[in-house]
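Asker: Protein chains in written order, with the working numbering: chain A, -19 to 317; chain B, -19 to 317; chain C, -19 to 317; chain D, -19 to 317.
If you are wondering where the hints come from, they were derived from the structure by calculation, not from laboratory data.
Among the hints, erroneous ones may be present.
You can't tell identical chains apart in this list, so a pair holds if it fits in one copy or across any two.
As the list claims (entries may be wrong) - Derived lysine to any residue pairs resembling SDA-like cross-links, with alpha carbons at most 25 Å apart:
| hint | residue 1 | residue 2 |
| --- | --- | --- |
| 1 | Lys256 | Ile(-6) |
| 2 | Lys50 | Glu34 |
| 3 | Lys50 | Gln195 |
| 4 | Lys256 | Glu92 |
All of these numbers come straight from a predicted model, not from anything done at the bench.
Protein chains: 4
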Amino acid sequence: MIVVMRAGATEDQIARVSQRLRDLGFGVHLSRGAERTVIGAIGDKAVLTGVDLEAMQGVERVVPIRQPFKLVSREFRTEATVVDVGGVLVGGPQIVVMAGPCSIESYEQLLETARAVQAAGARILRGGAYKPRTSPYGFRGLGEEGLRLLAAVRQQTGMPVITEVMRPDQVELVASYADCLQIGTRNMQNFELLREAAQSTKPVMLKRGMSALVQEWLMAAEYLLAGGNHQVILCERGIRTFETGTRFTMDLNAVPLAKELSHLPVVVDPSHGTGKASLVAPLARAGIAVGADGLIVEAHPDPAEALSDAAQTLSLEEFAAMMHQVRSIAEAVGRSA
Amino acid sequence: MIVVMRAGATEDQIARVSQRLRDLGFGVHLSRGAERTVIGAIGDKAVLTGVDLEAMQGVERVVPIRQPFKLVSREFRTEATVVDVGGVLVGGPQIVVMAGPCSIESYEQLLETARAVQAAGARILRGGAYKPRTSPYGFRGLGEEGLRLLAAVRQQTGMPVITEVMRPDQVELVASYADCLQIGTRNMQNFELLREAAQSTKPVMLKRGMSALVQEWLMAAEYLLAGGNHQVILCERGIRTFETGTRFTMDLNAVPLAKELSHLPVVVDPSHGTGKASLVAPLARAGIAVGADGLIVEAHPDPAEALSDAAQTLSLEEFAAMMHQVRSIAEAVGRSA
Amino acid sequence: MIVVMRAGATEDQIARVSQRLRDLGFGVHLSRGAERTVIGAIGDKAVLTGVDLEAMQGVERVVPIRQPFKLVSREFRTEATVVDVGGVLVGGPQIVVMAGPCSIESYEQLLETARAVQAAGARILRGGAYKPRTSPYGFRGLGEEGLRLLAAVRQQTGMPVITEVMRPDQVELVASYADCLQIGTRNMQNFELLREAAQSTKPVMLKRGMSALVQEWLMAAEYLLAGGNHQVILCERGIRTFETGTRFTMDLNAVPLAKELSHLPVVVDPSHGTGKASLVAPLARAGIAVGADGLIVEAHPDPAEALSDAAQTLSLEEFAAMMHQVRSIAEAVGRSA
Amino acid sequence: MIVVMRAGATEDQIARVSQRLRDLGFGVHLSRGAERTVIGAIGDKAVLTGVDLEAMQGVERVVPIRQPFKLVSREFRTEATVVDVGGVLVGGPQIVVMAGPCSIESYEQLLETARAVQAAGARILRGGAYKPRTSPYGFRGLGEEGLRLLAAVRQQTGMPVITEVMRPDQVELVASYADCLQIGTRNMQNFELLREAAQSTKPVMLKRGMSALVQEWLMAAEYLLAGGNHQVILCERGIRTFETGTRFTMDLNAVPLAKELSHLPVVVDPSHGTGKASLVAPLARAGIAVGADGLIVEAHPDPAEALSDAAQTLSLEEFAAMMHQVRSIAEAVGRSA
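If we strip away everything but chain A, and leave its shape as in the complex, we get (with noise of 0.2 Å):
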């Protein structure tokens, strides 16, 4: 960590910082420039959390050395996490698409979901039970009965299936159906619900918060691995910009940064990428080109008769197309789909 003093500290206020953080155990080096002192404190940046040393007298700002995960760096494990999803792994040579309704309505249109967009090559069933909805007064899914349908499905057709957790004390029952737990984007820095499924034994797919930066996408990870739970798969879906003709601005450079950054594994989310049914195929192929190791994408018999998300989810028919061009890329960059 280095200390910039501003251009006029005073000598006792460089002492009383450099006293400080040799207080706290680190090694301290002065650099004088002709207006302004530099310090240098090396040692272990987690002792400082708790600490501001921002707010000491003469100091202008603190610039961190060190990124501030630990468990989720790459420099802490140098080989690629594989999360093993009921049998399919995420982050092998292998990449991996999800798909399914935004919302379960019914056992027909999910079995009807997973049967097709098996048969083009999905191998994970997604599919919403407990739904976030910006109005109080939107359908809020099945709950509990979504997931029994969920768990009917995955029966008949093999398929692992994944879906959304929203409340901490409702982890264990979806993990009990689910192979996968989602975390959704406005749900990333609900550090509680973070906590409980640190515990699960289930996988988690952590979605970045629509206006986290990585750093905070990776943190929010490091809560997952801090608590014991090390199956974590990264999701990037969108974040909020100025622009106005898409739903969000898909930040494709964060999938090649995360990875450098971190071992867990990254999909992308075409769909709440890019709100617009006829971007998601061009998307889902620029993520497939990036590499990410998979695809979660929203997929329904009838969009138009979806009840959540319609404008942005794919007929069953468009589905098979776009995952007739991710397999392309994905073998014009050396993996299979």
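Following the hints, complete the assembly by docking chains B, C and D onto the known chain A.
Answerer: Chains B, C and D in isolation, oriented as in the chain A frame:
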């Protein structure tokens, strides 16, 4: 609601959309332009939750005419809501300043801070017992012990207290100690927490999500009112933008905008909104000048020793100086402090 | 165009707005809802430039139905435009890679780079003679001497050249040397420069402003077409967002969106879009996968010695490796490179 | 400057970077941590323009210690700059309000507006003769005829005038009529225009780019001072964010921040910063409360008839009411209006 059909939409597509709207109970008007047909739908948009016309063939986009919220709107209730926080009225002619430490650390720290901010003119005591932290290794707050300290200091000083609640299943516990529940920026769309808080008898201060539209903020407040809790205070606390010279960007446009759209009182948080102690007083002045009903400000006897948010925390002397300035501004806008 | 009247608008206000619209040559339809009246105006929105109905009493907002651009739109021209840059076709079945140094430094540097990128498959040479620099103390480029070097290297290699123009009164000079004019991100709404470039006989590559909506980018292109220059290439080069882990955020959603809305070819710039050499190849792959017609990439014989943009510049070996990957992706999407 | 080496950087890489820094005239200090070596470079960063150490092998990132601007900084000049605009002092104890129509339309319109805003307390007249327009089909302003009208109305009223200049080769012409040149938000990084304006004898008001960091805004001002023009006024006019409820987001944090970092006066533009007439007065109050030295506001005898920016333009009565409020705030912060 206006449904804009694509340039090449067929008569059949136009007829299907019109029929769908009639089935949903809307009155339908067609306007045929040179290139496009526009369908006006007259009726209650709420019926449409769970339906997404944009996925119907031939539809280019759907333009809502009414705001999606109801109970929080000025159209629903024209006079301003005044919220009673333990006897202190927020939203009336007198502005209200809430102040205290980011984290509750000890009885002595809290009492010293409370007495000082009260002497300077603050009327509600803030303090965190449960702390959301970006890092899993950060100080998480004293928990229920912190709540007990808050209650003890209220007993000593007579100041009502506000503190954050982070889990649905803690709402009741926190409400048993606090005069007002705070829902933090990362939980603005934690819908499960909103549903629980809606059932509390205590008022709720709802911080704007750091990337939430004003419309989404009001929709989150709608959750509280729709669930039965009409005692809601909105809090603008800075949004995430590209600017890195400050921690967040205070969106003071949002204050008069929210007050045009809604009858709820609005306070501003210049501590989080700037992240820099030297900017807190200027933005506190601006917040009152723009029309806010109050402020929430972090203060501490020794900011450099604070266990969190030190860089943006005022010393007790700085706080008193700020109050002096804020009082002048309050008078200039015809209010008292 | 739809004019939404306020909830309490008077009959008189509605009548005035309707009359104003009729005076402007619009057909007018009224839809009266329970609370609001909506006025549909049918006709050519272009008449309305210079008129702002939102300021009329009783008007809540005006909703445009048609996109504000014309000549650049898919509706105006359905087939894709192919731009001829010194014999190289941009927008056809073969993707086009433009490469070269950020700044032209010397004949040797430029020739060595040109030969290497040409051998690797690039077909247009880029290089900056006039450099926009954030600091007034930065290297500003070699100016006309740089243009002469570009022409000399074209002579040697046969590669057409593209270079940036920054002042209206330099358009003619730059066009006398270059095969394609580049308008940079900071000048996308330098309307005086657009007007001059519109009169050039050379094609123009228009970079998206770093905070420009896709709609505004197309409006800037409309300046060029409206002024008579139909040979326009769009370039997505990253937008400004809250993310600080990369220099900009590549908005790959914008590529298929721009191609839906417009007939103009689109290329992407992964060098500026990421700001990090290690991310250039992944985003180049993604750009081609998403449907871009080409790439523009910074390469240099010794990036560490480059006079500008060193951190995002590929070495010639890295460039060749990237081309190898890009070619595979181009084939996977049915194109050649 | 601090150079952070990668975790696995070799001794040879560290030695090369150190040598490079010494060659550039820096003093060099090494701090070796458990995992990383950090190199402190002491000296004048300006030497480094045109060099990019981040591309050297083994370098993780470079952390600048000093701000990149000099002449505009508080460290260079501690007392506040006061700019003389035709006899009106901007940056002194009295706040200055500039007002007038967005576009100059006629002598009558301009004179009526000028007399009314002057009577209400405005001291500088604004009006656009050359208008930047998003659409090529919009009203572009009266050009030199508009400049003549400005001069004529100055003659009648005694008010100094400010107007926008858009092309480098028009600086002299505009300066021959105007008392202050305005550089608009889209031209903040039009470096060629800045270079010309730097040579004018007239003061310059530099609007912040809608996506410019405060640091970049000050760097653009540095162009003016470095080129010889020290009479510079900064203008915050709203930044582009995700919020769509207002046209832009006023960044009032930027006002005290810019004044901490720089000695230049700062004014705010609540008309463009909000885009909504009903929000102009609240944000004008907030701007003065936060510490701005003045305001620039759009006013028109009949906003609904204005040829541009009608939705955000105040009527002359609304302007007078705003001035009344602004005067109270000015007094509350110890200034006059």
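Asker: Give a verdict on every hint.
Answerer: Evaluated hints:
Only between protomers do Lys256 and Ile(-6) lie at most 25 Å apart by alpha-carbon distance; the minimum there is 21 Å, versus 56 Å within a single protomer. Taking the shortest Cα distances, Lys50 and Glu34 sit within 25 Å of each other both inside one copy (23 Å) and across copies (24 Å). For a Cα distance limit of 25 Å, the shortest separation of Lys50 from Gln195 inside one copy, 11 Å, qualifies, whereas the shortest one across copies, 32 Å, does not. In the homo-oligomer, the alpha carbons of Lys256 and Glu92 lie at most 25 Å apart inside one protomer (23 Å), although the nearest pairing across protomers, at 44 Å, exceeds that limit.
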